[in-house]
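Trainee: Go ahead and model the full structure; you've got the sequences and the hints to work with.
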Amino acid sequence: MGSVHHINKAQLPQSLFWRMLNSMSTNDLASLPIEQFPDQVPDEWLDQLSEDKREVLENRIFESASLRLRHRIALSERYGELVADAVAMAAEGNSKTLKQRFIPRLETLQIAYTHWQIHADSHSRQQLDSGLEQLESVSRDLKSEAQNIAACKAALDNIPDINADDRKEIHAASIDLQHQMNATQQAISEYFTLRLLTQGLELQRANQNANKNEADIRSLEREIRILDRKAIDLVHVYQLSDEQARANSDIQMLRSKAQDLREQLKQLQGFISEAQLLEWLDMVVDASINSLSSTQHAESFQQAQMALFQLLVRYCRAQENAAREVANAPFCQVDPADTIRFMFKSEAFILNYFNSKRKELGDWLGDAAKSKQQALDTLQEQLLHDLQQTLENEPSEHTARPS
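Take the position in the sequence shown, starting the count at 1, then add 78; the result is the number in the working numbering.
If you are wondering where the hints come from, they were derived from the structure by calculation, not from laboratory data.
All C-beta atoms in this analysis are idealised placements derived from N, C-alpha and C, irrespective of residue type, glycine included.
Be careful, since some hints might not be right.
Computed spacing ranges between beta-carbons, pair by pair [unchecked claim]: (1) N289 to D199: 53 to 61 Å; (2) Q322 to K437: 52 to 60 Å; (3) N289 to Q178: 38 to 46 Å; (4) W123 to K174: 37 to 45 Å; (5) A376 to R132: 20 to 28 Å; (6) E459 to E321: 48 to 56 Å; (7) S154 to P116: 16 to 24 Å; (8) I196 to I151: 55 to 63 Å; (9) W123 to Q264: 15 to 23 Å; (10) D441 to A293: 40 to 48 Å.
Mentor: So this is what it looks like as structure tokens:
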């Protein structure tokens with residue numbers, strides 16, 4: 079199939095075209111290359127033009143739109159609809175989501191962050207929290223658009239047999255899409271950075287509070303194990319059935335004391351939900367795997383990462399200790415085999431998160447995800463190593479449940 083007339087990449091931005099339009103004569107407008115006309119102009123522009131210039135402009139815009147449509151159809155017939163979409167997307171430039179909804183809000187929040195750093199005022203902090211929440215919603219739209227950009231660029235880069243007349247245009251379109259992807263990643267990177275710098279302080283405070291109570295937590299855990307051991311010993315000594323043990327006042331007193339200590343333990347540990355941990359994990363991982371963020375704010379990122387790892391290890395340890403307590407508790411009605419399985423969920427919790435994160439990166443970054451996935455692998459290995467070391471250092475005096 080023969081080549082069609084190709085679109086010149088010199089289509090003018092609307093603002094520049096408007097300035098030229100005001101200074102042009104009708105004849106100059108009529109002789110302007112058709113490729114330079116925008117796809118459409120606002121109605122208020124037309125209202126300000128003389129009748130003859132308006133007629134020329136409308137006719138030329140119609141010709142320009144027709145030319146672009148014919149070119150799109152030709153590309154679609156030759157290479158498929160996705161390639162035609164990709165070339166059109168490249169010509170459009172950065173999306174309105176990025177230019178109009180994301181970047182202006184991000185810049186406003188960056189100013190608010192600077193003000194908050196200097197004055198530590200509640201108004202700036204409220205503005206930051208509210209604005210970051212709104213940007214989170216927009217960032218999801220932006221990631222979806224980035225996913226489309228990645229798919230379109232991949233389509234352009236993997237055309238098996240390009241017509242020689244189309245090669246230059248398709249190569250240029252691929253470069254334009256890469257620029258769009260870079261601009262999107264840059265904006266999202268700055269958002270991830272701002273989110274961590276603002277909300278990472280809460281993460282560090284939660285970890286500091288947990289560290290303050292660590293000695294008391296360990297002491298209570300030891301006391302609970304001792305009380306449970308004493309209750310089990312009484313069952314063995316007197317060879318009591320479960321029903322007899324429940325009626326034994328000494329055993330019930332030990333169980334009551336252990337339960338009181340467990341309530342104290344919960345208060346000291348503070349309740350951090352899995353949902354909160356996942357939110358913090360996302361916040362730290364998203365920022366850490368971005369090369370721009372990690373180099374510019376290395377100290378803040380390292381502090382947040384360390385606090386998160388300590389909280390995650392503490393959370394997993396608490397989950398495993400709770401599983402052991404249930405399995406080892408005197409007169410437990412739950413099958414210990416079912417309960418002990420919880421001890422293996424700590425590693426699964428981490429692996430499942432990182433596997434999900436890899437898929438997310440691949441979806442919205444395509445081939446560009448490789449470098450970030452390598453950083454993700456490093457974070458996963460570090461966290462699993464810390465978890466394993468901590469659990470290996472746990473006290474080994476876990477009692478056996480009476481048969």
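Trainee: Find the hints from earlier in the document that the structure breaks and name them by number, from lowest to highest.
Mentor: 1, 4, 5, 9
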